[in-house]
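Please work from the sequences and hints to get the whole structure.
Position 93 (the sequence shown) corresponds to 93 in UniProt numbering; numbering is contiguous.
Here are the simulated DSBU-like pairs of lysine-lysine, each with C-alpha atoms no more than 35 Å apart in a straight line:
1) 160 <-> 9
2) 133 <-> 160
3) 160 <-> 127
4) 133 <-> 156
Label-pair distances were calculated between CB atoms; the ranges are:
5) 17 <-> 114: 16 to 26 Å
6) 145 <-> 13: 40 to 50 Å
7) 11 <-> 103: 35 to 45 Å
In case anyone wonders, no lab produced these hints; they're calculated from the structure. Since the model is a prediction, treat every value here as computed from it, not as a measurement. Backbone N, C-alpha and C fix where the C-beta goes; we use that ideal spot for every residue, glycine too.
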Amino acid sequence: MNNEDGLFKMELEDGTEADRPLYFCHIDGLDKRKFNARELAEGQIMSAPLRDVIPEGAVLIVGEAHYTYPVRAAGRPVPPYIQELTELRHHGHTVILMTRHPSQLDIFVRNLVSKHVHLERKAIGMKQYYWYKCVTSLDNPAGVSGVEAANWKPPKEAFKYYKSSSRHQKFKKKCLGRFGR
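Structure (structure tokens):
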């Protein structure tokens, strides 16, 4: 984690900088020692408000977030553990959610998102799009208003700290043009 947004450090009262407590859920094989991280089960997150589950100032990273924050049927009440997400900043918490598509997350959660990063595999490489709200219309991410985009490549060093997948698919690179005969 390169801390580009400053999410993983906090300033103490004496002005020194320290690592924020780090918790994670559904990230297979994460190297807990490398990141001094503690693992939570989704049931722990769903059982109580986050302020009762993780310490003040902590960062929680939830992989496969659709299991922890699933879509709710229309008319069903917002579960208390989700309702309490409105007060994250009062406790210094940051929550990072990862899912295949944001429409798989509860609408209440989507409406609280302050930064949405979307990665898309392209014919050549990957593209990163981001917005300062949750966007669910991802058929043409570059066409959604307010988008910022850049080419993106995952840092190779990151793969040694977690289990990306038990099986990887190889994608053929498409030829953009042909030169010569």
